[in-house]
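Student: Spelled out from the first residue to the last, the chains are:
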Amino acid sequence: NAGVMQNPRHLVRRRGQEARLRCSPMKGHSHVYWYRQLPEEGLKFMVYLQKENIIDESGMPKERFSAEFPKEGPSILRIQQVVRGDSAAYFCASSPPLRGNTEAFFGQGTRLTVV
Amino acid sequence: SQQGEEDPQALSIQEGENATMNCSYKTSINNLQWYRQNSGRGLVHLILIRSNEREKHSGRLRVTLDTSKKSSSLLITASRAADTASYFCAESGGSNYKLTFGKGTLLTVNP
Numbered sequence: 652n653a654g655v656m657q658n659p660r661h662l663v664r665r666r667g668q669e670a671r672l673r674c675s676p677m678k679g680h681s682h683v684y685w686y687r688q689l690p691e692e693g694l695k696f697m698v699y700l701q702k703e704n705i706i707d708e709s710g711m712p713k714e715r716f717s718a719e720f721p722k723e724g725p726s727i728l729r730i731q732q733v734v735r736g737d738s739a740a741y742f743c744a745s746s747p748p749l750r751g752n753t754e755a756f757f758g759q760g761t762r763l764t765v766v
Numbered sequence: 335s336q337q338g339e340e341d342p343q344a345l346s347i348q349e350g351e352n353a354t355m356n357c358s359y360k361t362s363i364n365n366l367q368w369y370r371q372n373s374g375r376g377l378v379h380l381i382l383i384r385s386n387e388r389e390k391h392s393g394r395l396r397v398t399l400d401t402s403k404k405s406s407s408l409l410i411t412a413s414r415a416a417d418t419a420s421y422f423c424a425e426s427g428g429s430n431y432k433l434t435f436g437k438g439t440l441l442t443v444n445p
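Line order of the protein sequences matches chains A and B.
Each residue of the first sequence is one higher than the one before, starting from 652 at the first, in our numbering.
Each residue of the second sequence is one higher than the one before, starting from 335 at the first, in our numbering.
By construction, these hints were calculated from the structure, which means they are not laboratory data.
Just so it is clear, CB atoms sit at the ideal spot from N, CA and C, and this is done for glycine as well.
Take these hints with a grain of salt, some might be off.
[Stated by the list, open to error] From chain B, some residues computed to sit far from chain A (all C-beta separations above 10 Å): (1) Ser346; (2) Glu351; (3) Asn352; (4) Gln367; (5) Arg375; (6) Leu382; (7) Ser392; (8) Ser407; (9) Ala412; (10) Thr434; (11) Lys437; (12) Gly438; (13) Thr442.
[What the hints assert, rightly or not] Residues from chain B shown here face chain A by an in silico Cβ test under 7 Å; the list is partial: (14) Asn372; (15) Gly376; (16) Ala419; (17) Phe422; (18) Tyr431; (19) Lys432; (20) Phe435; (21) Leu440.
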């Protein structure tokens, strides 16, 4: 059972370009979470999705950021018109349907560098 | 202070010694989890302790939880150089899914 797969591992974008980060959850997991980690910081929650539904996007910046988890295919975190401050590591986690205390499994992350 | 805040921020010990890291949080929790992150890598889940548990063991790891003090500790016994990493606690509050991470403790185990 492969773990949470994220790609690309490293992404370099120029200011103003778009960044698309992909996350394939573990097999059997229908819940996906995205977190952002700035240098020397802990992870900050961004968004929680189930298939075709955004459940909680309270941690997403109001502009330029969007996320989706379609019926088929990976979850996508999309950042439009990137700025230097978007440079960070973006982690995806997945879990099975929540039943009480559920462990989330994290991917290796995508390190976005905006130049 | 920030929720899920670890203490100390950095810890350097010799191989074979024990390492203790502490975590404090603010609100009621469903559970508290500890993760390890090697430099530039993803997070590895170490252990989950439920709010009704006081202590849990997993190999060389021992986690305690004191809900009255809103604190947890992670003890790594007989440390190894390979234990060098950042350690984060993450609390799962009322939402049951949203993890709130601290800034982590950077542990260095010198051979």
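Student: Hint by hint, say whether it matches the structure.
Tutor: Here is how each hint holds up against the structure:
1. Ser346: holds (17 Å)
2. Glu351: holds (25 Å)
3. Asn352: holds (24 Å)
4. Gln367: Per Cβ check, Gln367(B) is inside 10 Å of chain A; nearest 7 Å; violated.
5. Arg375: violated (6 Å)
6. Leu382: Leu382(B) not clear of chain A: closest Cβ-Cβ about 6 Å, inside 10 Å.
7. Ser392: holds (12 Å)
8. Ser407: holds (17 Å)
9. Ala412: holds (25 Å)
10. Thr434: violated (7 Å)
11. Lys437: Check fails; 5 Å does not lie beyond 10 Å.
12. Gly438: violated (6 Å)
13. Thr442: Check passes; 15 Å lies beyond 10 Å.
14. Asn372: violated (10 Å)
15. Gly376: Holds, because the Cβ-Cβ distance from Gly376(B) to chain A comes to roughly 4 Å (cut-off 7 Å).
16. Ala419: Result: violated, 14 Å to nearest chain A Cβ.
17. Phe422: holds (6 Å)
18. Tyr431: holds (6 Å)
19. Lys432: holds (5 Å)
20. Phe435: holds (4 Å)
21. Leu440: violated (9 Å)
Checked against the numbered hints given earlier, the structure breaks hints 4, 5, 6, 10, 11, 12, 14, 16, 21 and satisfies all the rest.
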